[in-house]
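Quick note, the sequences are listed as chains A and B, same order.
Sequential numbering from 1 applies to the first sequence in our numbering.
Sequential numbering from 1 applies to the second sequence in our numbering.
Note that these hints are calculated values from the structure, not bench results.
Predicted model, so just to flag it, every value in this text is computed and none were measured.
Just so it is clear, CB atoms sit at the ideal spot from N, CA and C, and this is done for glycine as well.
Hints may contain errors.
Straight line, CA to CA, 20 angstroms or less: simulated EDC-like cross-link-like pairs of lysine to aspartate or glutamate [said to hold, decoys possible]: (1) 193/A - 138/A; (2) 161/B - 182/A; (3) 250/A - 182/B; (4) 238/A - 243/B; (5) 148/A - 147/B; (6) 148/A - 138/B; (7) 148/B - 243/A; (8) 161/B - 138/A; (9) 161/A - 182/B; (10) 238/A - 147/B; (11) 161/A - 138/B; (12) 161/B - 243/A; (13) 250/B - 248/A; (14) 238/B - 147/A.
Across the chosen pairs, the derived CB separations fall in these ranges [claimed, not checked]: (15) 163/B - 29/A: 39 to 45 angstroms; (16) 115/A - 114/B: 50 to 56 angstroms; (17) 78/B - 86/A: 56 to 62 angstroms; (18) 248/A - 43/B: 56 to 62 angstroms; (19) 244/A - 115/B: 56 to 62 angstroms; (20) 77/A - 235/B: 55 to 61 angstroms; (21) 115/A - 163/B: 51 to 57 angstroms; (22) 228/A - 163/B: 31 to 37 angstroms; (23) 250/B - 134/A: 32 to 38 angstroms; (24) 113/A - 235/B: 40 to 46 angstroms; (25) 70/A - 114/B: 51 to 57 angstroms; (26) 90/A - 240/B: 31 to 37 angstroms; (27) 72/B - 115/A: 43 to 49 angstroms; (28) 11/A - 135/B: 45 to 51 angstroms.
Protein chains: 2
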Amino acid sequence: AAMAGGGWARAVRGLLLDVSGVLYDSGADGGVPIGGSAEAVRRIKASGLKLQLCTNETQATRENFVRKLRAMGFDISVAEVTAPAPAACRLLKERGLRPHLLVHDDLVPEFAEIDKTNPNCVVLGDAAENFTYANLNEAFRLLIGMDKPVLISLGKGRYYKETDGLKLDVGAYMKALEYACDVQAEVVGKPAKRFFESALAELGVPPEQAIMIGDDIVNDVGGAQQCGMRALQVRTGKYRPSDENHPEVKPDAYVNNLAEAVDIILQHL
Amino acid sequence: AAMAGGGWARAVRGLLLDVSGVLYDSGADGGVPIGGSAEAVRRIKASGLKLQLCTNETQATRENFVRKLRAMGFDISVAEVTAPAPAACRLLKERGLRPHLLVHDDLVPEFAEIDKTNPNCVVLGDAAENFTYANLNEAFRLLIGMDKPVLISLGKGRYYKETDGLKLDVGAYMKALEYACDVQAEVVGKPAKRFFESALAELGVPPEQAIMIGDDIVNDVGGAQQCGMRALQVRTGKYRPSDENHPEVKPDAYVNNLAEAVDIILQHL
């Protein structure tokens with residue numbers, strides 16, 4: 001079905017790719033590449049199309065994340081990755097915010113330059129094993145003790161797939177703290193419009209000439225479409241058949257995987 | 001101010017009392033009675049007023065909960081306690097539901113008679129230290145794997161106060177699972193109307209002759225008023241001054257503590 005149409009594949013100059021669930025399936029063992037995806041990245045680059053990874057990954061610094069991707073065979077550099085933590089650091093500096101971090105240990109170095117004394121906000125990432133009862137209570141107490149609680153969430157995904165099964169993502173814990181403190185979090189990451197706009201600026205392509213490819217119907221596909229991009233959902237990663245009946249978001253196309261998307265796009269160049 | 005009026009204290013035949021934050025402040029050490037509250041319970045009983053405790057307590061069986069209250073000097077029997085777990089067991093049996101329990105270890109015996117093989121729903125209580133990353137992921141995976149996820153939450157409180165500080169309550173974790181699974185939980189406990197109606201039935205007094213006394217502006221005060229009861233907020237437990245500006249709920253009166261409420265009510269008998 002995806003091969004038949006392809007109208008969506010015309011006039012493309014750049015691609016934004018989600019990473020987990022598109023390039024590889026993450027897991028405690030570091031993850032496993034999805035078949036054909038490393039080759040697909042090489043073909044995109046050889047074609048002259050621009051490429052930027054647009055990820056809500058917050059379990060590692062960009063440097064370590066890229067190191068992992070390169071070890072899996074992906075030809076990617078740090079500058080080709082748009083991720084929430086650097087965007088959050090810009091926001092914290094702009095607004096003079098001093099964060100308490102509830103994030104993965106491996107993300108902490110991204111905030112090395114940020115003053116974290118006497119916190120006046122909480123930054124929440126996918127903290128994984130750091131999502132303990134004690135740590136959640138600590139973040140909650142800091143927020144509820146503020147005159148006007150400021151909660152910054154690095155993404156708002158519901159869940160993601162690792163090699164050993166589905167896991168709750170940062171969005172679930174964001175909702176817990178939002179409810180307990182009666183506040184609304186500010187999301188830095190997909191699907192925030194400002195985050196996609198940063199990624200497009202780094203891609204150097206206007207939204208109408210860019211395609212987002214992701215496995216998350218709401219945060220990848222819906223978010224990108226809100227910014228005027230076309231968006232594809234891959235049937236890998238956290239994709240579930242029921243996504244194809246989503247009440248609000250309809251991708252421009254479904255593709256079985258990144259390799260198939262790239263086949264079609266390159267045929268239309 | 002509470003003493004001055006007292007119109008709210010007329011024509012009373014029975015009292016529903018919240019427990020944590022009204023009778024005692026809970027904590028890792030078992031808790032500390034709030035000054036004058038044990039004497040207030042004795043005075044209520046001596047006056048001939050009916051009394052029922054209406055609690056969202058899910059960290060112990062009713063038997064152990066009553067044992068703890070009695071050790072703190074409260075003249076209370078098991079039949080005088082309306083709590084979520086027994087109500088949930090009735091609901092599970094009515095609907096043929098087999099729960100996966102994410103609850104406090106000490107609550108598990110309440111579900112001894114319930115078939116828990118091959119679960120087709122999740123029952124969520126205030127699991128405290130059992131709210132681990134692994135346990136939350138396990139409950140999530142069971143729910144997301146169901147054709148139509150059924151999540152039953154024993155209360156939906158935001159947070160409560162223990163002697164060592166505020167803690168996230170079951171409602172926060174309920175919101176996390178609701179969001180991740182895109183479902184709405186069924187709440188068994190305050191502020192559900194059906195739960196207050198059970199407590200009133202056990203009290204044996206119609207709502208217009210009953211007063212609810214609690215420290216939770218939404219779950220105690222708002223919930224009871226929705227059932228046609230009068231409701232007081234005590235300035236103990238999790239009470240915060242900002243509660244007095246709540247946009248939706250206005251108690252019939254504020255009192256400094258249970259003892260003051262009982263003083264006023266007995267004066268009007």
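Hints and how they fare:
1. 193/A - 138/A: 30 angstroms, violated
2. 161/B - 182/A: Judged against 20 angstroms, a Cα distance of about 17 angstroms means the pair holds.
3. 250/A - 182/B: 18 angstroms, holds
4. 238/A - 243/B: 42 angstroms, violated
5. 148/A - 147/B: Not satisfied, since the Cα-Cα distance of roughly 40 angstroms exceeds 20 angstroms.
6. 148/A - 138/B: 34 angstroms, violated
7. 148/B - 243/A: Holds, at about 15 angstroms.
8. 161/B - 138/A: Distance of about 13 angstroms is within 20 angstroms: holds.
9. 161/A - 182/B: 17 angstroms, holds
10. 238/A - 147/B: 17 angstroms, holds
11. 161/A - 138/B: 13 angstroms, holds
12. 161/B - 243/A: This hinted pair is violated, its Cα atoms lying about 41 angstroms apart.
13. 250/B - 248/A: Distance of about 38 angstroms is beyond 20 angstroms: violated.
14. 238/B - 147/A: 17 angstroms, holds
15. 163/B - 29/A: 39 to 45 angstroms: 43 angstroms, holds
16. 115/A - 114/B: 50 to 56 angstroms: 52 angstroms, holds
17. 78/B - 86/A: 56 to 62 angstroms: Given about 58 angstroms between the Cβ atoms, the range holds.
18. 248/A - 43/B: 56 to 62 angstroms: 57 angstroms, holds
19. 244/A - 115/B: 56 to 62 angstroms: 35 angstroms, violated
20. 77/A - 235/B: 55 to 61 angstroms: 60 angstroms, holds
21. 115/A - 163/B: 51 to 57 angstroms: Since residue 115/A and residue 163/B have Cβ atoms about 33 angstroms apart, the given range 51 to 57 angstroms is violated.
22. 228/A - 163/B: 31 to 37 angstroms: At roughly 54 angstroms between Cβ atoms, residue 163/B and residue 228/A fall outside 31 to 37 angstroms, so the hint is violated.
23. 250/B - 134/A: 32 to 38 angstroms: 36 angstroms, holds
24. 113/A - 235/B: 40 to 46 angstroms: 44 angstroms, holds
25. 70/A - 114/B: 51 to 57 angstroms: The hinted range 51 to 57 angstroms holds for residue 70/A and residue 114/B, with Cβ atoms some 52 angstroms apart.
26. 90/A - 240/B: 31 to 37 angstroms: 34 angstroms, holds
27. 72/B - 115/A: 43 to 49 angstroms: 46 angstroms, holds
28. 11/A - 135/B: 45 to 51 angstroms: 49 angstroms, holds
The structure fails to meet hints 1, 4, 5, 6, 12, 13, 19, 21 and 22 from the earlier list, while all remaining hints are met.
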